[in-house]
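> Generate the whole structure from the sequences, applying the supplied hints.
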Amino acid sequence: MVEPATATQAAAPVMPQLKDELDIVIPTIRNLDFLEMWRPFFQPYHLIIVQDGDPSKTIKVPPGFDYELYNRNDINKILGPKASCISFKDSACRCFGYMVSKKKYIFTIDDDCFVAKDPSGKAVNALEQHIKNLLCPSTPFFFNTLYDPFREGADFVRGYPFSLREGVPTAVSHGLWLNIPDYDAPTQLVKPLERNTRFVDAVLTIPKGTLFPMCGMNLAFDRDLIGPAMYFGLMGDGQPIGRYDDMWAGWCIKVICDHLGLGVKTGLPYIYHSKASNPFVNLRKEYKGIFWQEEIIPFFQQAVLPKDCTTVQKCYVELAKQVKEKLSKVDPYFDKLADAMVTWNKAWDELNPPTAGSVPNGKPA
Amino acid sequence: MSLAIKDDEVDIVIGALRSDLTTFMNEWRPMFSRFHLIIVKDPDLKEELKIPEGFNLDVYGKPDIDQVVGSSTSILFSGYLCRYFGYLVSRKKYIISVDDDCLPARDPKGFLVDAVAQNISNLTNPATPFFFNTLYDPYAEGADFVRGYPFSLRGGVKCALSCGLWLNLADHDAPTQALKARQRNSRYVDAVMTVPAGSLIPISGINIAFEREAVGPALVPALKLAGEGKCRWETMEDIWSGLCVKVVCDHLGLGVKTGLPYIWRTDRGDPIASLKKEWEGVKLMEEVIPFFQSVRLPREATTVEECIVEVANAVKERLGSMDPVFARAAKAMLDWIKLWQSVGSSSSRSSAV
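These protein sequence lines map, in sequence, to chains A and B. Anchor point for the first sequence: position 120 equals 120 in the working numbering, and the numbering is continuous, going up by one each time. Add 365 to a position in the second sequence, counting from 1, and you land on the number used in the working numbering.
Worth flagging that the hints you see were computed from the coordinates, not collected in a lab. Do not rely on the hints blindly, as some may be mistaken.
Unchecked claim - The calculated EDC-like cross-link candidates involving lysine to aspartate or glutamate, where the alpha carbons are at most 20 Å apart (straight line), are:
1) B:Lys-545 x A:Glu-152
2) B:Lys-474 x A:Asp-118
3) B:Lys-474 x A:Asp-201
4) B:Lys-411 x B:Asp-466
5) B:Lys-648 x A:Glu-166
And the structure:
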């Protein structure tokens, strides 16, 4: 049995790192009560709340937080016709928050995620761990058997070439979940009572050339390095699938990170996932995806980006082209999705014009 | 989900670089006593081996090695390479091997870790090299494949090799340990994971297990440094061997796991002395890794032996002129395959299960 942490104030850092460089993006349709639990860790930071569903409903934000809130009307106003790329009635709408942010880093979390406890009972400051992960290099070219070599008490093992020990910049930090695990609908139906109680005390770099299923529940990334590729796709209202938003983004960013020499980490931090979604509802959303992913995965595994794609945008537009070319035959949805990817890209560039003297994204200069 | 392994399918192979194995054997007794052991005495060791009673074992020394292998080979089964003789003469399906300066570890709850049982579990559960599962081993109790893991890949493939880890003295190289003299590994990471296909990993020989019938010939006793010593800081033989195994496994669609079990590695040796004496290994890795990352095996190589011959030829061609140690390694690899075919039992079939 795992329990969420309650004594979070004690674990709050004295100096919150990157407080002016990081936005916390939260999609919500219900309420933000969960923020009370996170207050000691989140209060120093700016929040971007993306309200999904009925825009006439008022979402109450607990007092004391510095935030901006966008509902569907705001999204339509800001993006105009390009708003078509932002999902409606799905948490995929959160990527609008990534687009409007002006900060270098994003941390996104679901509104049913509480603070977890580590095996010693101490509250886990997930945000602090994500920041550590993002500020430390990744090591995608050779697997370190002691996992993250930059963690305290660890290092590279015998046989690890010294020329690879500097690592590369980390673009994405993918956290995990205790209690309700992120299973697909069939697995949920077969194992309704399974809870993740295993606290695996590791951060590791996902090797180059390896794909993984990215979960958006507890995720942080460097907007400058990979932001334009963090599009969460077309899900929800009027779309044939759901619950593939974060995974779609994850496959895109991994291919691009591998191409540009950036790192993706997974492992710590854990959050406590409190709410199990309805497996029958999930099955209806995921059903087509379960078949489609058999084509999608080989597509991403074989995707090759040309050498002249040297920025994230160029990579992403190229990927959209390949999606249209190769996945449209699976279902016309992918044709729409490829177009939406391009729309997203255009919208991103409009909202994030390059400032004079700025460095092109992707690898830092 | 795992297959039941019969006790008589396992050999525990120990390379004895130290003569007094009393504490070692007694500490491991609860885990070892069910199984047959092969102890290979380092031919350079002058003293008689001291082994406590109560084990089912065979001990091999220099005379046995000479008799079986004779002068037919360039391979020197001395130092850390002596255990490979044990692999050669074993007739069992699975082999578990730990260094003789390691003892059972305790998990965070204080229980002794049965490294043998964990290794057997790793080998008998499938590996999943084609897609990374973020909850690590999907076959572990309380875990499963996560949302987004393609269903067609959930059957996994055979796990041919399992590489365990170490508490206390971790397997760092000499420069690292010399720099962080007091650092000891106390972090118990409760996970087993499959090393993705196409990714290379430094496989430490301190704590490994493998299916001899599937990949035995790929663990090659080939890279012997000029200043090869009796400390892990003075060898890279296992790293070389592990890279060969990984390349072959990737080609044949077999899996390699890393993580649990932990063993406790006792403090021994002086990293600074090792570094002064032998840093050749650290330098060589700069050439070795890019080589293994780029080696490509032809479609026609469908058995482990054929794959190793291909790798050996590539080593000779591309690394041979860089350093004599590589030319010797290539020859040793070819000799090993010949030896395996004449002395080793049931040469492995192609990997198709």
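> All hints are to be evaluated individually against the structure, with a verdict given for each.
Hint-by-hint comparison with the structure:
A distance of roughly 11 Å separates the Cα atoms of Lys-545 of chain B and Glu-152 of chain A; the hinted pair therefore holds under the 20 Å criterion. About 14 Å separates the Cα atoms of Lys-474 of chain B and Asp-118 of chain A, which keeps this hinted pair within 20 Å; it holds. A threshold of 20 Å between alpha carbons decides the hint, and for Lys-474 of chain B with Asp-201 of chain A the separation of about 15 Å falls inside it, so the pair holds. This hinted pair checks out: Lys-411 of chain B and Asp-466 of chain B have alpha carbons roughly 18 Å apart, not beyond 20 Å.
Simply put, Lys-648 of chain B and Glu-166 of chain A have alpha-carbon atoms about 16 Å apart, close enough for the 20 Å limit, and the pair holds.
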